[in-house]
Amino acid sequence: MAGEAASARDERSEFSRFVTGLGRGVAGALFLALPMLMTMEMWYLGFYMARERLLLLLLINIPLLVLLAHRIGFEETFTWREAVRDAIIAYGIGILTSLVVLSALGLLKGGMPASELVGKVALQSVPASIGAMLGRSQLGHDDDEDSDDATETRYPAELLMMGAGALFLSLNIAPTDEMMVLAYKMTIWHAIVVTVLSIALMHGFVYAVSFTGGHELSPETPWWHAFVRFTLPGYVIALSISVFTLWIFERLGDSSAVEIMLSVIVLGFPASLGAAAARLIL
Amino acid sequence: MTKTEKGRHRERHDPHWIEWLTGLVSAVLIAGMLGWLGWEAFTREATPPDLSITVLTTEKATTGRRVTFDIYNTATTTAAAVTVIGRLTEGDRVIEENHVVFDYVAAESKATGAILFQADPAGRTLDIRPAGYTDP
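Residue numbers (my numbering), protein chains in the order written: chain A, 1 to 282; chain B, 1001 to 1136.
Just so you know, these hints were derived from the structure itself, not from any lab.
From the three backbone atoms N, C-alpha and C, an ideal C-beta is built for every residue, glycine too.
It cannot be assumed that every hint is accurate.
Unchecked claim - The calculated label-pair distances, taken between Cβ atoms and stated as ranges, are:
1. Trp1036/B x Trp80/A: 37 to 43 Å
2. Ala1046/B x Leu197/A: 18 to 24 Å
3. Glu11/A x Asp1014/B: 44 to 50 Å
4. Leu1056/B x Glu216/A: 23 to 29 Å
5. Leu1056/B x Trp223/A: 22 to 28 Å
6. Trp80/A x Gly1064/B: 58 to 64 Å
7. Thr1057/B x Pro63/A: 39 to 45 Å
8. Glu216/A x Leu1024/B: 21 to 27 Å
What the hints assert, rightly or not - To give a feel for the contact side, a few chain A residues facing chain B, derived at Cβ under 10 Å:
9. Leu59
10. Tyr207
11. Val209
12. His215
13. Glu216
14. Leu232
15. Ser256
16. Ile265
Said to hold, decoys possible - Computed footprint of chain A on chain B, listed as stretches where at least three residues anywhere in the stretch have a Cβ under 8 Å from a Cβ of chain A:
17. 1014-1024
18. 1035-1043
19. 1107-1120
Turn these sequences into a full structure, and let the hints steer you where they fit.
Structure follows, in structure tokens:
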């Protein structure tokens, strides 16, 4: 009898933990995706961007969410099956949150064609679902934190985390017209300065400034070891993600190679900071 | 590999060779990019926007005719608010004049646009040319 009562209590507490996780997911989705939900270019992209690129973005989001779930998740996910389940829940929260917020802001109306309605919600669901996934790790700090345990992050996982961070910040900024305007206003000298600045800040945030979650080196390891092994690949990842998001949002057009490079470097600045932040947070 | 202990991460002192290889490839890519940009910065002269237009097609639209064209900017400076005027003339008489504005025509790049005419350009003189721009 006592055992049954205990298992019923366990079930209830597991259920309430799950509901709390959902709540945190919604909070995370709102908190991190609201800037994009309120960006004009994102509404327009919802109906004019090429459907195959939108589909590609939506598909790429799935493995990204699964990897994030495996790393942080709504609950402690130990198996890939649970990670997939959490990823699907996060995507669902992202879609619902986008739908509710866009409707509340009067951006979805009955008279609009179906492709516009679906396009707007689908595009916004990508950042919202990442936000939902991060909601748990960012907003839930008190209970069941297991950071005292010594864990090892494999090198590819570390690079993937940087890619996820870069993608999140790029999604925020790539759709805006400011990206292209900045690239048009800048000279090549400005771009070179921005490149050096991005790399320096990336390395500084992770190693020099002592944030919680920061990285440190063994006293016997020279500083350039981490610089070559982590910061430089991280910057290349940030630039690649910039190219990808600019291409997805059709920002590259028929521009010349130098103009494309300038806009990639401009977007690479926030992307590289996002990559560095991901190493601190995740 | 990175070891996480009490919220701090410590980089391993004895990394796998793949980490060095990735780092090396990245270093080469970044050096190559900076080298290319540096070379461009030194050799490229700043020239004011130089705009030219190539008419592509004339086709029937629901209202009137659609004339599509490419606009090229061969200079190393981007032009903003580029106004393009299309004028349809028959002898000395101007039949129709329309214009379109491009937000930007990037340096050494092209953009595509169209002007709509009520009258059929066939058999008449069609002149499409850039009329002005601002600095971005």
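Each hint tested on the structure:
A C-beta distance of roughly 42 Å is found between tryptophan 1036/B and tryptophan 80/A, which places it inside the suggested range of 37 to 43 Å. Hint check: alanine 1046/B to leucine 197/A, Cβ distance near 23 Å, so the stated range 18 to 24 Å holds. For glutamate 11/A and aspartate 1014/B, the Cβ-Cβ distance of about 46 Å falls inside the hinted range of 44 to 50 Å, so the restraint holds. Between leucine 1056/B and glutamate 216/A the beta carbon distance is about 60 Å. The supplied range of 23 to 29 Å is therefore violated.
The beta-carbon spacing between leucine 1056/B and tryptophan 223/A, approximately 56 Å, falls outside the hinted interval of 22 to 28 Å. Here the CB-CB span from tryptophan 80/A to glycine 1064/B is close to 59 Å, well matched to the stated 58 to 64 Å. Checked against the hint of 39 to 45 Å, the C-beta distance between threonine 1057/B and proline 63/A comes to roughly 42 Å, which is consistent with it. Checked against the hint of 21 to 27 Å, the pair glutamate 216/A and leucine 1024/B passes, with Cβ atoms roughly 23 Å apart.
A hinted interface residue such as leucine 59/A counts as satisfied when its beta carbon comes closer than 10 Å to some beta carbon of chain B; here the least separation is about 26 Å, so the hint is violated. Hint on tyrosine 207/A holds. Least Cβ distance to chain B is approximately 9 Å, under the 10 Å limit. A distance limit of 10 Å between C-beta atoms decides the matter here; for valine 209/A the minimum to chain B is near 13 Å, and the interface restraint is violated. Below 10 Å, beta-carbon pairs count as interface contacts, and histidine 215/A has one with chain B at about 4 Å; its hint therefore holds.
At a threshold of 10 Å, the smallest CB-CB gap from glutamate 216/A to chain B is about 6 Å, leaving the interface hint in force. Residue-level restraint check for leucine 232/A holds (minimum Cβ-Cβ distance to chain B is 4 Å; threshold 10 Å). Because the closest C-beta pair between serine 256/A and chain B is about 4 Å apart, less than 10 Å, the hint holds. For isoleucine 265/A, the interface hint holds, since its Cβ comes within 10 Å of a Cβ in chain B; the closest pair sits about 8 Å apart.
Using a Cβ-Cβ cut-off of 8 Å, 8 residues of the segment 1014-1024 of chain B lie near chain A, which meets the minimum of three, so the contact claim holds. For the segment 1035-1043 of chain B, the stated coverage by chain A is satisfied: 5 residues place a CB nearer than 8 Å to a CB of that chain, which reaches the threshold of 3. Only residues whose beta carbon comes within less than 8 Å of a beta carbon in chain A count, and the segment 1107-1120 of chain B has 6; three or more means the coverage holds.
The structure shown violates the earlier hints numbered 4, 5, 9, 11.
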